[in-house]
Amino acid sequence: MLPVLPALRGLLPRGGLTRGSVVAVAEFGLLCLALAAAASADGAWCGITGIPEAGMLAAAALGLDAGRTLLVPDPGPSWPQVVASLLDGCELVLLRPPARTPAPVQVKRRLEASLRRGRGVLLVAGDWPGAQLRLRVVTQRWAGLGDGHGRLRACCAEVAADGRGEAAMTRTRWLWLPGEDGGVAVAGPRDLPFDIQDPPGTAPALRVVGG
Amino acid sequence: MVVACPDLHLSVGPDIQRARRHEQMIAVVTGFCPDVEVVEPGVCAFGARGPARYFGGETALAGRITAALADLGVDSRTGVADGLFAALLAARDGTTVPPGGTARFLAGQPVSVLADRDLSAQDLAALLKRLGLCTLGDFAALPVRDVASRFGDAGERAHRLARGLDFRPLVTLPPPADLSVVQEFDPREPRAEPVVFAAKALAMSLHDGLAARGLTCVRVQITVTWADGGESSRRWRHDGLLSEAAVADRVRWQLDGWHPAPGGQTAGDENTPGGIAALRLLPDQVVRAAGQQLALWGETLVSDRVARAAMRVQAMLGHEAVLRPVLGGGRNAGDQVTPIPFGEKTEPRLPADRPWPGRVRGTAPGLVFPAAREADVTDDAGRAVTVSGRCALSAAPARLAVHGEPSRRVTGWAGPWPLYERWWDPSAARRRARFQLATEDGRAWLAVVKDGGWLVEAGYW
Numbered sequence: 001m002l003p004v005l006p007a008l009r010g011l012l013p014r015g016g017l018t019r020g021s022v023v024a025v026a027e028f029g030l031l032c033l034a035l036a037a038a039a040s041a042d043g044a045w046c047g048i049t050g051i052p053e054a055g056m057l058a059a060a061a062l063g064l065d066a067g068r069t070l071l072v073p074d075p076g077p078s079w080p081q082v083v084a085s086l087l088d089g090c091e092l093v094l095l096r097p098p099a100r101t102p103a104p105v106q107v108k109r110r111l112e113a114s115l116r117r118g119r120g121v122l123l124v125a126g127d128w129p130g131a132q133l134r135l136r137v138v139t140q141r142w143a144g145l146g147d148g149h150g151r152l153r154a155c156c157a158e159v160a161a162d163g164r165g166e167a168a169m170t171r172t173r174w175l176w177l178p179g180e181d182g183g184v185a186v187a188g189p190r191d192l193p194f195d196i197q198d199p200p201g202t203a204p205a206l207r208v209v210g211g
Numbered sequence: 001m002v003v004a005c006p007d008l009h010l011s012v013g014p015d016i017q018r019a020r021r022h023e024q025m026i027a028v029v030t031g032f033c034p035d036v037e038v039v040e041p042g043v044c045a046f047g048a049r050g051p052a053r054y055f056g057g058e059t060a061l062a063g064r065i066t067a068a069l070a071d072l073g074v075d076s077r078t079g080v081a082d083g084l085f086a087a088l089l090a091a092r093d094g095t096t097v098p099p100g101g102t103a104r105f106l107a108g109q110p111v112s113v114l115a116d117r118d119l120s121a122q123d124l125a126a127l128l129k130r131l132g133l134c135t136l137g138d139f140a141a142l143p144v145r146d147v148a149s150r151f152g153d154a155g156e157r158a159h160r161l162a163r164g165l166d167f168r169p170l171v172t173l174p175p176p177a178d179l180s181v182v183q184e185f186d187p188r189e190p191r192a193e194p195v196v197f198a199a200k201a202l203a204m205s206l207h208d209g210l211a212a213r214g215l216t217c218v219r220v221q222i223t224v225t226w227a228d229g230g231e232s233s234r235r236w237r238h239d240g241l242l243s244e245a246a247v248a249d250r251v252r253w254q255l256d257g258w259h260p261a262p263g264g265q266t267a268g269d270e271n272t273p274g275g276i277a278a279l280r281l282l283p284d285q286v287v288r289a290a291g292q293q294l295a296l297w298g299e300t301l302v303s304d305r306v307a308r309a310a311m312r313v314q315a316m317l318g319h320e321a322v323l324r325p326v327l328g329g330g331r332n333a334g335d336q337v338t339p340i341p342f343g344e345k346t347e348p349r350l351p352a353d354r355p356w357p358g359r360v361r362g363t364a365p366g367l368v369f370p371a372a373r374e375a376d377v378t379d380d381a382g383r384a385v386t387v388s389g390r391c392a393l394s395a396a397p398a399r400l401a402v403h404g405e406p407s408r409r410v411t412g413w414a415g416p417w418p419l420y421e422r423w424w425d426p427s428a429a430r431r432r433a434r435f436q437l438a439t440e441d442g443r444a445w446l447a448v449v450k451d452g453g454w455l456v457e458a459g460y461w
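If you read the sequences in order, they're chains V and L.
Note that our numbering has the first sequence beginning at 1, numbered continuously upward.
Note that our numbering has the second sequence beginning at 1, numbered continuously upward.
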């Protein structure tokens with residue numbers, strides 16, 4: 001099991017990333033980097049492939065160790081082989097498969113099989129049918145910008161997790177992603193953005209907040 | 001004597017034709033002197049005393065070589081001097097420095113020539129220029145002990161070069177054991193790419209073997225044996241400065257340049273008759289290593305497993321495809337992280353320990369677009385928002401439309417934060433105003449006004 005940041009443990013069924021599993025995040029963002037941060041800080045090597053716009057400064061602020069990161073911005077059409085090679089050396093690989101040329105099912109199954117053998121974790125920023133765990137950011141609101149003044153300070157985000165097996169039940173958490181110090185923290189009930197700046201007509205509906 | 005052919009310089013990317021002509025050039029020069037060493041593609045060197053005596057003088061020899069290469073259609077220049085460093089400089093102008101006159105010849109050269117073959121000497125050359133030592137003669141006039149204490153090992157080496165002495169005191173030791181490394185290919189490898197990939201690992205074991213004994217080699221001999229028994233053997237200048245990637249590059253050049261029959265078959269045939277049977281790297285002229293080795297291919301706390309995985313992906317996609325991010329300094333979103341290809345020295349492009357006034361403070365963006373995306377920012381009435389030279393906005397931004405995406409309503413904004421970089425250099429001056437915009441879907445953007453147009457450089461989500 002690879003460790004995750006304390007604030008994210010409540011979202012994952014066993015409080016960590018199970019080795020040999022695939023975790024799918026709806027789109028690339030700070031959530032992907034946050035999931036990789038604790039493992040990297042703990043000594044694991046992390047490979048980021050297919051994401052040329054990954055913000056490494058933000059990743060370092062979340063806790064990722066840039067000295068133990070490999071970037072492959074453009075894996076090209078043979079990305080399954082690239083991912084398989086990276087999994088040999090890195091315990092965690094963050095991948096964004098190209099949207100235009102989806103890989104056939106057999107290729108994905110072979111990748112999953114080698115993943116289970118190598119005992120790494122594959123974090124996919126995109127769609128991956130059959131992922132053991134799926135996470136997405138439902139809503140997020142940045143704090144700190146006014147009407148021509150201030151600067152971006154922190155973002156309060158609601159993250160939902162579901163999946164197969166143990167993770168079948170949906171859990172949601174409100175998190176500071178990132179907080180003022182750049183790290184991830186659980187947002188207290190008074191931080192939630194139930195504010196009057198919601199445009200009229202879009203009153204937030206009641207939603208279950210996991211506990 | 002050094003023979004330099006500027007047309008055949010292979011630094012601008014591989015070209016099979018050029019590599020073949022390089023091999024032909026080496027073959028021609030070898031006809032005059034058997035012991036030729038290749039300094040870099042297009043440049044080769046050999047000791048001139050023996051051949052010059054045979055052919056009746058250095059000028060006569062140079063004339064014959066130039067004529068023979070002109071028959072081949074290659075433009076060449078030759079230079080003669082004591083020592084390789086001076087001879088390389090002499091080859092640039094095609095001069096012959098009389099024996100004993102090397103020190104005087106070098107005294108007139110500018111300090112920047114120290115950095116020609118050894119990129120790590122660039123800092124030293126810049127420093128010497130700032131200190132007012134503009135020519136090698138000025139530098140050579142300084143006492144050795146002062147140079148060693150002020151500039152260290154690198155400075156002492158450069159001082160030896162400036163005085164016309166050799167790069168290293170050539171006390172070549174007979175190698176204690178066989179330090180060569182061999183890789184055999186069974187079945188025979190018909191393609192060049194896997195051999196080049198194997199060469200990288202082979203070079204690593206060669207360097208490890210040398211480093212374990214505290215040695216380094218002045219030259220490395222690369223021998224490729226083909227299945228039909230033919231052999232291609234070249235000596236390349238090493239000086240302890242080549243990395244594994246550089247040795248693999250030389251193997252690739254050597255394979256590219258080979259053509260099987262001396263008659264010269266045209267392109268279109270496989271340049272590997274029957275396949276490659278073995279690859280051998282032999283260190284030539286082994287000398288004691290100085291401490292600076294560690295900086296070159298050291299400081300890697302990279303485990304074998306990770307290095308093998310990275311090098312395998314590099315063999316698939318190319319050397320620049322696998323990068324390591326190095327955090328450094330800078331003002332703009334894209335400047336602060338320098339991606340360095342795996343295996344090279346990890347140094348940021350801009351130093352991190354400076355204040356860098358003018359950078360956007362606070363949270364770093366989660367996404368930094370490699371190329372800034374064009375966008376339109378409009379106010380309530382639909383007109384484009386402009387920023388005057390005095391940072392006055394025409395109106396408050398109301399909608400942000402990044403090209404290729406739907407228009408979004410702006411819920412919060414801050415700026416303009418002006419930045420005027422390098423105003424003293426008209427060609428490099430950059431003048432922009434930065435904004436942070438938060439939109440209704442919860443995302444935030446780093447937008448920049450440049451020359452009247454809006455660009456989005458980074459995203460926060």
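Since the hints were made in silico from the structure, they are not lab data.
Each residue gets a CB set at the ideal place from its N, CA and C atoms; glycine is no exception.
There's no promise every hint is true.
If you only want the chain L side, here are some residues facing chain V, beta carbon under 10 Å, derived [what the hints assert, rightly or not]:
1. Ala-321
2. Arg-324
3. Trp-356
4. Gly-358
5. Thr-363
6. Ala-375
7. Gly-404
8. Trp-413
9. Leu-437
Here are some of the chain L residues that sit facing chain V, going by a computed Cβ distance under 7 Å [claimed, not checked]:
10. Phe-105
11. Trp-226
12. Leu-242
13. Ala-245
14. Val-313
15. Ala-315
16. Leu-323
17. Leu-327
18. Gly-329
19. Pro-365
20. Ala-372
21. Thr-439
22. Gly-442
How the hints compare with the structure:
Nearest Cβ of chain V to the Cβ of Ala-321/L: about 6 Å, under the 10 Å cut. The hint holds. Contact between Arg-324/L and chain V, as hinted, is supported at the beta carbon level, the nearest pair being about 6 Å apart and thus within 10 Å. A least Cβ separation of about 13 Å between Trp-356/L and chain V goes past the 10 Å threshold, and the interface hint is therefore violated. With a least beta-carbon distance of about 14 Å to chain V, the hint placing Gly-358/L at the interface is violated under the 10 Å criterion.
At its closest, the beta carbon of Thr-363/L sits 5 Å from a beta carbon of chain V; the interface hint therefore holds under the 10 Å criterion. A least Cβ separation of about 15 Å between Ala-375/L and chain V goes past the 10 Å threshold, and the interface hint is therefore violated. Restraint check, Gly-404/L versus chain V: the minimum CB separation of about 13 Å is more than 10 Å; hint violated. The interface hint given for Trp-413/L holds, since its Cβ lies 6 Å from the closest Cβ of chain V, which is under the 10 Å cut-off.
The closest approach between the C-beta of Leu-437/L and any C-beta of chain V is roughly 8 Å, which is under the 10 Å cut-off, so the hint is satisfied. Using the Cβ-Cβ criterion of 7 Å, the hint placing Phe-105/L at the interface with chain V is not satisfied: the shortest such distance is roughly 46 Å. The interface hint given for Trp-226/L is broken, as the beta carbon of that residue sits about 29 Å from the closest beta carbon of chain V, more than 7 Å. Contact between Leu-242/L and chain V, as hinted, is not supported at the beta carbon level, the nearest pair being about 24 Å apart and thus beyond 7 Å.
Taken as an interface hint, Ala-245/L does not check out: its beta carbon lies about 16 Å from the nearest beta carbon of chain V, beyond 7 Å. Contact between Val-313/L and chain V, as hinted, is supported at the beta carbon level, the nearest pair being about 5 Å apart and thus within 7 Å. The closest approach between the C-beta of Ala-315/L and any C-beta of chain V is roughly 9 Å, which is over the 7 Å cut-off, so the hint fails. Against a cut-off of 7 Å between C-beta atoms, the interface hint on Leu-323/L holds, since the closest Cβ of chain V lies about 4 Å away.
For Leu-327/L, the suggested interface contact is upheld, since its CB lies about 5 Å from the closest CB of chain V, less than 7 Å. Taken as an interface hint, Gly-329/L does not check out: its beta carbon lies about 11 Å from the nearest beta carbon of chain V, beyond 7 Å. Taking 7 Å as the C-beta contact cut-off toward chain V, the hint placing Pro-365/L at the interface holds, the least distance being around 5 Å. The interface hint given for Ala-372/L is broken, as the beta carbon of that residue sits about 11 Å from the closest beta carbon of chain V, more than 7 Å.
With 7 Å as the threshold, the beta carbon of Thr-439/L stays out of range of chain V, its nearest partner Cβ sitting at about 9 Å, so the hint is violated. Taking 7 Å as the C-beta contact cut-off toward chain V, the hint placing Gly-442/L at the interface holds, the least distance being around 4 Å.
Going through the hint list in order, the structure does not satisfy hints 3, 4, 6, 7, 10, 11, 12, 13, 15, 18, 20 and 21.
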